[in-house]
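Line by line, the protein sequences give chains U and E. Take 30 as the starting number for the first sequence in this note's numbering and just add one per residue. Take 30 as the starting number for the second sequence in this note's numbering and just add one per residue.
FYI, nobody ran anything at the bench for these hints, they're computed from the structure. Any given hint might turn out to be false.
Restricting the straight-line Cα-Cα distance to at most 25 Å, the calculated cross-link-like pairs of lysine to any residue (SDA-like) are [as the list claims (entries may be wrong)]:
| no. | chain 1 | residue 1 | chain 2 | residue 2 |
| --- | --- | --- | --- | --- |
| 1 | U | K421 | E | E426 |
| 2 | U | K421 | E | D196 |
| 3 | E | K421 | U | D174 |
| 4 | E | K421 | U | G468 |
| 5 | E | K421 | U | G173 |
| 6 | E | K579 | E | E164 |
| 7 | U | K421 | E | R175 |
| 8 | E | K657 | E | A467 |
| 9 | E | K421 | U | K657 |
| 10 | U | K657 | U | G647 |
| 11 | E | K421 | U | E41 |
| 12 | U | K421 | E | Q373 |
| 13 | U | K421 | E | A467 |
Here the structure is a predicted model, which is why all the values come from computation and not from measurement.
Protein chains: 2
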Amino acid sequence: MKDITPVADGWELRVPDHGSVPAQVPGCVHTDLLAAGLIPDPYLDLNEAEVAWVGRADWTYRTVLGPLDGPGEAGHERADLVFDGLDTVAEIRLGDRVLGATRNMHRGYRFDVTGLLDGAGGTPLTVAFTSAYTEAERVRALLGDRPNAYPEPFPYLRKMACSFGWDWGPTLVTAGIWKPVRIERWSTARLAGVAPLVTVDGATGRVEARIDLERTPSGAARPLTVRLRVGGSVAEATAAPGTDHLTVSCEVPDARLWWPRGYGEQPLYACEVSLLDGDEQLDGWERRIGFRSVELDTSPDEGGSGFTLVVNGVRIFARGVNWIPEDVFPSRIGADTYRLRLEQAADAGVDLVRVWGGGIYESEHFYDACDELGLLVWQDFLFACAAYPEEKPLRGEVEAEARENVARLMPHASLVVWNGNNENLWGFRDWEWEEQLAGESWGEGYYLGLLPRVVAEVDPTRPYWAGSPWSGSWDHHPNDPEHGTAHSWEVWNREDYAAYQDSVPRFVAEFGWQAPAAYATMRRALSDDPLAPDSPGMLHHQKAGDGNGKLARGLAPHFPVPADFDGWHYLTQVNQARAVAAGVEHWRSHWPRCAGTVVWQLNDCWPVTSWSAIDGDGRFKPLYHELKRLYADRLLTVQERDGALALAVVNQSGQEWAGTAWLRRVDVDGAVLAEARVPFTAAA
Amino acid sequence: MKDITPVADGWELRVPDHGSVPAQVPGCVHTDLLAAGLIPDPYLDLNEAEVAWVGRADWTYRTVLGPLDGPGEAGHERADLVFDGLDTVAEIRLGDRVLGATRNMHRGYRFDVTGLLDGAGGTPLTVAFTSAYTEAERVRALLGDRPNAYPEPFPYLRKMACSFGWDWGPTLVTAGIWKPVRIERWSTARLAGVAPLVTVDGATGRVEARIDLERTPSGAARPLTVRLRVGGSVAEATAAPGTDHLTVSCEVPDARLWWPRGYGEQPLYACEVSLLDGDEQLDGWERRIGFRSVELDTSPDEGGSGFTLVVNGVRIFARGVNWIPEDVFPSRIGADTYRLRLEQAADAGVDLVRVWGGGIYESEHFYDACDELGLLVWQDFLFACAAYPEEKPLRGEVEAEARENVARLMPHASLVVWNGNNENLWGFRDWEWEEQLAGESWGEGYYLGLLPRVVAEVDPTRPYWAGSPWSGSWDHHPNDPEHGTAHSWEVWNREDYAAYQDSVPRFVAEFGWQAPAAYATMRRALSDDPLAPDSPGMLHHQKAGDGNGKLARGLAPHFPVPADFDGWHYLTQVNQARAVAAGVEHWRSHWPRCAGTVVWQLNDCWPVTSWSAIDGDGRFKPLYHELKRLYADRLLTVQERDGALALAVVNQSGQEWAGTAWLRRVDVDGAVLAEARVPFTAAA
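Produce the complete structure using the sequences and hints provided.
Have a look at this one:
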C-alpha cells in the first residue's frame, strides 16, 4: 500500500533582515509574518497600505525532509513529493536539485523524488516564491496590456483575482504553500486519476469511473485490478499490462435520490476505488457521491430562452447567493468556517450558491458541506471582469487547471453547473474592450471553445454555460434579459431599487445593494474616533467607486437624511434589506419566466462596507434576516400586474398551499380604507 | 461625384534574367509567365514539378500612374489607390514612398495617395511580392508547427489553402494582383461601407442599410444625406456633421419572394445607396437583393438534432454539391465560366452549392449567378483540414477578412449559411491533433467565438454553423450522425458503397467517389502513350493517397477486373455514378430525418482523377448525368426498411404526386418472379 507522509512541520520563512520565522504549511506569508509580529493585521484600520510591500517581495520557504524510514524510501520503488497548491510563482528545490517551477495557484504539482531523500541528515526542501506582481507584469509586458475593470495585473497570472483587490476587498497579494504537502511512496502502480461519472436512471444509480494509472517500470508488465465499490455494489476491471486508462462501472439498484434542500433528503454514498495487485491493495481513493440528475433548460420559449435548473426532473427557482473567498488568505479558511457559513446560508432559505470567478475553486470542505446541506453549487471558472490573453504561457495553464478541477469536483452531487467566466463576455461588448483590444485575444476562445470542450470530455454529466451574464450566443446581447443569465447592476449604480420592477430577466445571477458591516465589526476593525461614514477607516473599508455616494442616493427616496452615524448605519442596513427584497419578491413572483435570483453577495473576506448579508467578522446584517422571509418556501408578495396591485402567491414547499389572504388597504395613519378576504390555492 | 480610374494597363512583371514581361492585372505570375512562353502549361503532363520554382521566388509588378488630368487630382480633395485583392505578401510602393504591406489574399486594401500622383512623367507604382512560402514558413517557425493534413504551410498565411496542393489539385503557389486596381478620387465624403440587412415580414420587404462614411477635413462639418432606394421605395437619412455611421431603412410593400430554384421565382430588386451633399451626389453603391427569410433548424428532436434549412418557412432537403476553386489560378475564372458551371449545376437538379473552405470567398460573378439561378449558397470561412494558430499575426487578419467578406456578400439572396471551417473540429478530435498540439491554439476560438460574433454583428440575418462536420457542441462527437452535419468518408476510404446504407446522418455535407476525367480531357492533358491507370501522367494527375487502389477496391465487388484502360476508365466512371446514387437515394428517402446531401464535388481546378462530376476541362462524367436523376424533383427508389424492400417516393415538386407504381421482382435472366401495381400519393 502507498505510504503517505505529510510535510507539514519544520517549515521556516526567510524574512529579509530578520533571519527566519516559523511558517505554517498550509499557509501564506502574510499569516506567518502576522504570527511573528512582523506586520500589523492588514484587516485593521489602514494597515492594508502598510503591508503592501509584502506583495512586491520574493519569499522563500524551507524545511528539511527525512531521512525517511529505511533504505530506498521504506522499501518502495517510487517516492513523489506532492503539492496540492502553491501560490503562485515558485521554484522548488530539493537538496541541490531544482525539481520544477510553477505558475498556477489552481493546480497541484507532483515531483518524482525517488532516491533524493536518503541523505542521513535529511534533505533540505526550499520553495522560493517570486512576487506575483513581478511575474504578472512580465507577462503583461510580453503580451500587451488589455482592458480590465481594475488597474492590477491579475489576468496575466493564474492566481485568485481578488488577491489584487476588488470593490469589496483589500489588495493583499500573498504567496505561500496554501494547500497540503506530502510525500507519497509507492510501488508497482498508483491511481493517478479517478473521474466518476454519476448518473441515475429511474431507481438505478450508476457510477462509471474513469481511471488513470501510473506504473513503475516493474509494474508495467503486471495485470492489475481496479475495484469500484458504491453502496453495496462492487465491480472490478482488469488493467492489462501496459494499460493505464480503463473504465469500471457499477450500478446501485434502488438508489435513493439526492435532492436540493427543501425538495427531499441528501443521501450520500461512499464511492471507493481500490487498485489491487492480486490481493495486495496498492492504492485507494474514496469520495462521497449522490445520485441525482441535472439539466439546464435553455430552450427557446415565448419569452426568449430561459435558464432553468432541472434536478431529478423538477424545475427549480434557484434561491441563490454569490460566494466570494471567505478570507483574502484562503489557506486560513477551515472546514468549520465553511460549514458554519454554508449552514447559515441554508438557514436563510438559500438553495444555490454561486462560487464567483474572481476567487478560487474552493476546498473539498466547501463542497462536502454543500453535499450534506443540499445546497446546489454553481461554479465559475476563474475569470472575472477583465480581458484574459489566450496566448502562452496562460493558455496551457488554463486548460490544465480546468481539467484538474473539473475532475476533482465532479464527485460532488451539489455541483450542478459550470460557468465560463464572470462578466467578461459582457465587458467585451459593453465596456469598450472591443475597441481597446483592437483584435487581441481576450478569453473568448476559453469560454466558448476550450472550457466547454474540457467539461464535455471530463465530465459530460454536467451542463456548462459560457459566462454570466450570457444570452447563449452572440445573436443577443450578453446581458439581454430575455435570454439566459443577467446581472442587474444599473439599479444599484444609477437608479432606485424600485427600478428592479422594470425588468424580468430569465435568471438574475447578480444584483445587490451595499450596507456597512455590523457596528461591532466596524468597531473592532477601526479605531476611528468618532466613526463616521467618511472617517478614515470607514472610507478605507469602502472599496466601491462612489460607494458612499450611492448609499446616500439610494437612501434619499426612502428615508430622511440620517442625523448621525448611528442613524446612517441603521438606515443603510435597512435600506439594503429593502432593496434586495424589492428584487427578490418581484422576480420570484414571475416564476417560471424568471428561474432564479442570486444575491450579490452572501459573505465578506474582511471587515468592509459591501453588498454582503454576513459581514467579515461573520455577523449578520439585517439583510440576512430578511433573506429568511424572501427565500422561504412560501411567500406572499404584493406586485403590480397590468397596472393594478395583485397578490402573488409563491409556493416552493412541495405541497399544495391553500389558504385565505386577508388584504387591507390602509392610509398612512393605519386606518383601513378597504379590505377583502381572498381564498387562494397554490399548487405543489 | 467620385471619379474612378482603373489601373489595368501598362503592368510589367520583372523576371530574373529576362528583364520584364507584360503582366495582366488582374492576373498572377504563372499566367503571365505562361503568356510570355517562359514556363510550360503546369496543367499538362508532369509540368507542375517543373514550375515549382515559381512559388519559391519573389516577384515584382510595375506600372506608371498618371499623370492624372488637371492639378490636385482633377480637382478632388482626395485620391485613393484601391486594390480589391493582392495575392498575398506584398509591399506597395508609389514613387519612392512605401504605401504599405499586405499579408492576406482575402482582403482589399486602400491607400491615401493624395498629392502623390502629380509627377509630370507619371509616378511609378510597384507591387513587390515575397514568396508565400517564405512568409508562411517564417510564421510557422515563429509560432511552432501544428497538425495539418498536408505537409504545406498554408495555415500560417491567409492565402487560398489549395494553392499549396490538395488531394485533387496541384501545388502551384502563385502570386499577383488577382483582383482589380483603381484610383478613386473624391471630395467631401465617400461611402466607406454599406451593409444591407434584408428581411421580409409577410408581404413587406425591409432593407436596413448600415452606412459607414469617410470624410475629408472639409467634409467633416457638413450635413450629408444618405438615400436608399429599393424597388419603388425611397428613404433618406441625414448624417449630421461628425457622424460617420448611420442607418437608413426602407420598406417594400408587396415584395415578391425570392425562392430557391424549383420552389418559385427569383425576383431580384435593385438596391441603391446614394451619398448626397445637398443636390450633389458624392458617391453611389448598387447591388441586387432578394427578399426571403432563412433559418437553420437545429433544434433537438427524437432523432438527435437536425440541420434543416428553412427558406420562406419551407423546410428544404438540400440537393447539394461542393464547389472548389474552378482554377488554381482564380484570377483566370471569368463571369462566363462561373455562369456556365452554375447553370450546369442547376440543370442537374442542384439547389445548394457549398463553397468549400480550402478555396476562396468567390467573386461577385459567382453569387450573382446563384442569385439568378436560385442556387442556395453555403459559404465556408476559409479554414480547411489543419490546425490554424490563433496568435498574431493571423488573428487580426482573420477578423478583418471575416468582417470584410460578410459585409461584401450579405446583399446576395442566395447566400443562406456561413460555416466556420472544413473538418478542423473533426480533425482536432479524431486525427490525433489534440495530442500533437499539447495545448497550442488551433482555431477553436475562431470557429466557436470570433466568427459567430462577427456574423451576428455584421449580418444578423443569416445563420452560422461552427464547422463541417459539427454536431452543435462538444457534447457530441463532431461527426456524430445524429447531430448536425456529417462527412461520410469511411465509405470511399475503406468500405464498399453499400455501406452508405448503414447510417442516416442528419445532413451529409460531404461524401463522394472518385473517377478519372473524361477520356478527351486526359488525352489533351497527357502525352502518356499508352494511357494507363499507372502511366506517369495519370499517376501525377491522381493526387489522392492510394487513390488508384481505392478505385480498384471499390470496383471489385461490382464489376470484373477491367481488361484494359478503356474498360477501367469506363467502369470506374460508372462506379462513381453508382456509388453516389447509393448514397443520395438512401439519404433522400430518409427525409426529413436527413435534410441534405452535398456531393463532393461538382467541379475540378485542372485535369485530374477526382471526385468531381464535371472535369477540369468542363466535360461531364457519367455522374453528372446521374445527378439529374438523383436530384430530380420526383424520385422513386427501392430501399430497405425493417428487413424488407420498400419503395420510397420522394416528392420535392411542390405539388402532390399521385400515381401507380409497377413493381416487379425479376431473376438475373429477366424473368418476372412477382409483380404488383401499387397506387401511391406523395403530398406536396
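Pair hint outcome, K421(E) versus K657(U) [Cα-Cα no greater than 25 Å]: With a Cα-Cα distance of about 53 Å, the restraint between K421(E) and K657(U) is violated, given a limit of 25 Å.
Hey, K421(U) versus R175(E), does the alpha-carbon distance stay inside 25 Å? It holds: about 15 Å lies between the C-alpha atoms, which stays within 25 Å.
Agreement of K579(E) and E164(E) with the hint, judged by alpha carbon distance not exceeding 25 Å: Violated, at roughly 36 Å.
Given hint D174(U) paired with K421(E) - CA-CA distance at most 25 Å: holds, 15 Å
When you check the alpha-carbon spacing of K421(U) and Q373(E), does it fall within 25 Å? Outside the cut-off at roughly 49 Å; violated.
Is the straight-line distance between the alpha-carbon of K657(U) and that of G647(U) 25 Å or less? Holds: K657(U) and G647(U) sit about 17 Å apart, inside 25 Å.
Quick one, are K657(E) and A467(E) close enough, alpha carbons at most 25 Å? Status violated; Cα separation ~47 Å.
Run the distance test for K421(U) versus E426(E): straight-line Cα separation, threshold 25 Å. Holds: K421(U) and E426(E) sit about 20 Å apart, inside 25 Å.
K421(U) and A467(E) were given as a pair; does the straight-line alpha-carbon distance stay at or below 25 Å? holds, 12 Å
Mind checking the alpha carbons of K421(E) and E41(U) for me, to see if they're no more than 25 Å apart? violated, 45 Å
What's the verdict on K421(U) and D196(E), does the C-alpha distance respect the 25 Å limit or exceed it? Distance of about 34 Å is beyond 25 Å: violated.
Need the status of pair K421(E), G173(U): alpha-carbon distance at most 25 Å? holds, 12 Å
In this structure, the earlier hints numbered 2, 6, 8, 9, 11, 12 are contradicted, and the remaining ones agree with it.
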